[in-house]
Structures are given as C-alpha cells and as structure tokens.
Amino acid sequence: MNARAVTSDVLLGIVPIALLVALWQALASFGYAPATLLPPPGLVFTRLVQQLATSSYQQEIAATLFRLFAGFSIAVILGVAIGLAAATSPAVNAVVRPIVRVLAPLPKVALYPALLLLLGFGHESKITLVVADALFPILLSTYYGASMVEQKLIWSAMAAGTPRRQILFKVVLPAAVPSILTGCRIGLVISCIVVFLAEMITSTDGLGHVLVTAARTFQAVDMFVPLITISLLGLILNGLLQAVRSYLLRGFPEV
Amino acid sequence: MMTARTLLSRSAPLLACLGLLAIWQVAALILNTDSFPTALQAIRAIPSILGDKESLINILASLRRMAVGFGVAILVSIPLGLMMGRSRNVAAFFNPLLMITYPVPKAALMPIIMLWLGVGDVAKMLVIFLGVSLPVIYHSFQGAKAVEEKMLWSGAAMGLSAAQRMVRIVLPAALPEILAGCRTGLVLALITMITSEMIARQSGAGNILFNALDMGQYDTVFAMIIIVGAMGIGLDAAFERLRGRLVRWSEPRFDMPLSFA
Chain A
1 MNARAVTSDV LLGIVPIALL VALWQALASF GYAPATLLPP PGLVFTRLVQ QLATSSYQQE
61 IAATLFRLFA GFSIAVILGV AIGLAAATSP AVNAVVRPIV RVLAPLPKVA LYPALLLLLG
121 FGHESKITLV VADALFPILL STYYGASMVE QKLIWSAMAA GTPRRQILFK VVLPAAVPSI
181 LTGCRIGLVI SCIVVFLAEM ITSTDGLGHV LVTAARTFQA VDMFVPLITI SLLGLILNGL
241 LQAVRSYLLR GFPEV
Chain B
1 MMTARTLLSR SAPLLACLGL LAIWQVAALI LNTDSFPTAL QAIRAIPSIL GDKESLINIL
61 ASLRRMAVGF GVAILVSIPL GLMMGRSRNV AAFFNPLLMI TYPVPKAALM PIIMLWLGVG
121 DVAKMLVIFL GVSLPVIYHS FQGAKAVEEK MLWSGAAMGL SAAQRMVRIV LPAALPEILA
181 GCRTGLVLAL ITMITSEMIA RQSGAGNILF NALDMGQYDT VFAMIIIVGA MGIGLDAAFE
241 RLRGRLVRWS EPRFDMPLSF A
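Residue numbers (my numbering), protein chains in the order written: chain A, 1 to 255; chain B, 1 to 261.
It is worth saying that the hints were derived from the structure and are not from the lab. Certain hints may be false.
[Unchecked claim] According to the in silico footprint, chain B covers these stretches of chain A (three or more CB under 8 angstroms from chain B):
no., stretch
1, 4-15
2, 104-110
3, 215-226
These numbers were taken from a predicted model, which means no experiment stands behind them. Glycine is no exception: its CB is placed at the ideal position from the N, C-alpha and C atoms.
Using the sequences and the hints, build the whole thing.
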C-alpha cells in the first residue's frame, strides 16, 4: 500500500466521523434537541478539557485505571499460565476444556451481585469481575496459539539438545506470542468496558460513577464526558499494546 | 470401549457443571455466612422465581427485547460487513468510526438513550442492537475479505452481476466466519441485556437480580445467577448446533469464540 492510498483511506475514514459531529452540531444548533438532552459538541469537548485538568476528575480516572490494570494483569497471568498448561498437558486439558466450555458463554456480569456479597463493595469485587471477563479470550488464544506450534520446531529444539522442561519457555511460548497478544488486545478492550460498567452498577468513585451521578441529576454534558474519556483511554491503551506487539514481534514475519 | 469414551467426552460439560456446583456447595458450607447460600439452597429457590408470574413475564420480556435487538443487528451488520470486506473504499469509510466506538461500553449508553427515548422497550433494544452489531460487522468483514478472488473472477466470467456474486459466492464463502461473529453477538446480546437492566433498574432479569440483592433475598440472587448462566450456556449450545448444520463443510478454526467484548 503506497502513501497516497493510505492518505486517501484516512481522509475517507474521517468523513463519517465529521458527518456525525456535524449532525450532532446541527441537531443542537437548529433547536431540534434541547441542550438538556443533547448538548452541542463544542460544549462537551470544552467540558472534557476542563474536567481533565481538575484533580478530582484525575482521581476518578486513576481509580478506574487501577482496577483496569489490576484485573487485566491478573487475567493475563492466569490466562497464559492455564492456556499453556492446557496446551501441553493432556491431563490438564481434560479438566480445563469442559470447564472453559461451560464458563466462557456465561454472562459474567450476572456474577457481579454474588461478587458484591462475597467480596464487598470495594476494589476486590470489581477487579474480580474484570478478571472473569478478560480471562477467557486470553486463555483461549494462548491455548490455540500454543497448540498450533509446529511440531518441527519442537523436534529441532530437542535434536539440538534443549531439555524437555525448557522447550515450553524457549519454543512454545515465543511461538504462541502473536496469538497471545491478539487475546490480550481483546481482553484489554473487555477490561475497559467491564470496569466502567461495574462502576456504573455500584461504586463510589471511578469514571462509571461519574456517569451515573450525572445521569441522576440530568446533567447531559457530564454524561458524555466520562464516556468519551473511557473511549479515549481504550484507544490509548490499545495503541500502547500495539507498540508492545511490534516490539515483541520485531523478528516475526508480518502477522 | 469407544462408546464409553464418546459418552465421557459428550458428558464432559455436564460433569464440569456438576463439579462447579459441587465446589460452590463446599465453599458455601465452609464459609457458612448468610450472604452466601449453598448451591442446593439456590437451586431450590429457582422454582419460586420461575413459578412467580410477574418475574416470569419480566424474564420473557427481556428475552423478547434481546431477540429483536439481536435480529435487527444481524440484518444490518452482515450486509455492511460483507460490503466492507469486498470494497476497499467502504472499509476505509467505516473502519475508523468502528474503531473509536469499539471501546465504548454499549450498556453505559443506557442512561443517555433513556433520556432521549424514555424507559420503554425501544431504548433497551437499541442498546442491545449497538452491542451486537460490532462483532458481527467485524467477523463478516474478515470473512468477506478472505474470499478467494478466483471464485469471484469465475463468477464474473460466467456472467454473474456484482449483487449476484455477493449473494451466491461471498455470502456462502464467508458464512463460517459470519456465524462465528453471530455466536459472539448472541452471548453479547444477553450480556448487554442484563447489564442495561442492571443499570436502568426498570424491569427484566437484571432488575430482579438487584432487587433481590437490595432486599437481602440472597438465595434468589444466586438462583437468578444460575438462571442467567443457564440461558447463556443454553443459547450458546443451541447456536452451536445450528451452526454445525449450516456449515457442516467447514471445520471451525476455534471451537469457542474468542471475543465476548
């Protein structure tokens, strides 16, 4: 793909977003929607910038990010460990597979009331919910990635004298990294969404709580601000993960 | 011996369910607090929920909204995804928009949409529609992109118009991928339904959960969790069967969808 094609793609991609903002502006400025229901985009974005500068809003973001990272990290560690174990050991596989089969399609958010009862209304219940939701994509993609490692690679490593227990870390894990990172990317977006929803359902701080507070007092502007913030956070984190990916996979062919 | 083996592998998910319930039972007996009923207590509370006319109507209304939201989302998303997969310009047009809306929690739009459309069915269906459409678009897009060019050329050489090629070549070729997207979408529809009801606290299955929680009826809370969980597992299993029939020719790459986002 040459540079001109990329620019034209980018230009084309901006069109629907610009149209949407224009429609939003038009609805607001021609009076079809009162500002209490749909505040004009300018107002929302200036409010966003204002809020980002205040320390109380930064604290809400920090609370959300803390839960997000705690949950996501635990999910990555557990998911990669269980996925690798299931891919390499038939005994573990026989146990893990049916359990995952049952738990993966379960709507995890329904467990939230149970988590509230067991772990209380603090960080723990929200982090656990994030783990429960982000775990499965990471686990499954690790499992598929590790079980599709070419047998030849393992044979060559064995022929070259690699001890059996090191094959897992020297051959299987690196070969599964592209697949694991794909799972992490899905898990990261899920973590963003889940942490926000959990904060909306019950919380005393965090971005989700900001939205609920605004909704209770019918402050439409303040309802848009946390939504845009979480969307931006998701995009930034996704970009960071992409950077990690291209660093980790610098030797790999195009994936 | 073979039959015993297949029987075991068939019943493995069932055994897993029983195992998880057993772990729950033991954990509850060990913890022994009021707020964590045992699995048996929770199961015993299920008939009283399903027997209660009002909650049954609530749950059925939830399912109806979910079905409508899911159906409309599929009807819109599949054609859009297929067109994105076949035309570079269409893909370039929609991709950035989809990318920025991807990390937005759809159920979190509930308060805003309720502000606009009121608390009725339309708002809830719209939220479910939004939640389902992204993965279905994405998978249809991937599926249509991977269609072999040669088949399309042969079709064109035999005089199929662009629209005919879309329906008779691209759609069937992308079907396995589309159905993988629909499977994710189906579970997501359930998740979005429950979440939006938990946030809106108006009616439906999610509302029953939190009402019971507020009133301290803990066995009802856990019974409701079992019901919702069973719905998720049941819907997923039913869809798997349907998919197996529709695309018997295609070995699924993954036997479980990766993205319940």
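Going down the list of hints, with the structure as the test:
no.	hint	result
1	4-15	holds (count 7)
2	104-110	holds (count 7)
3	215-226	holds (count 5)
Of the numbered hints stated above, none is contradicted by the structure.
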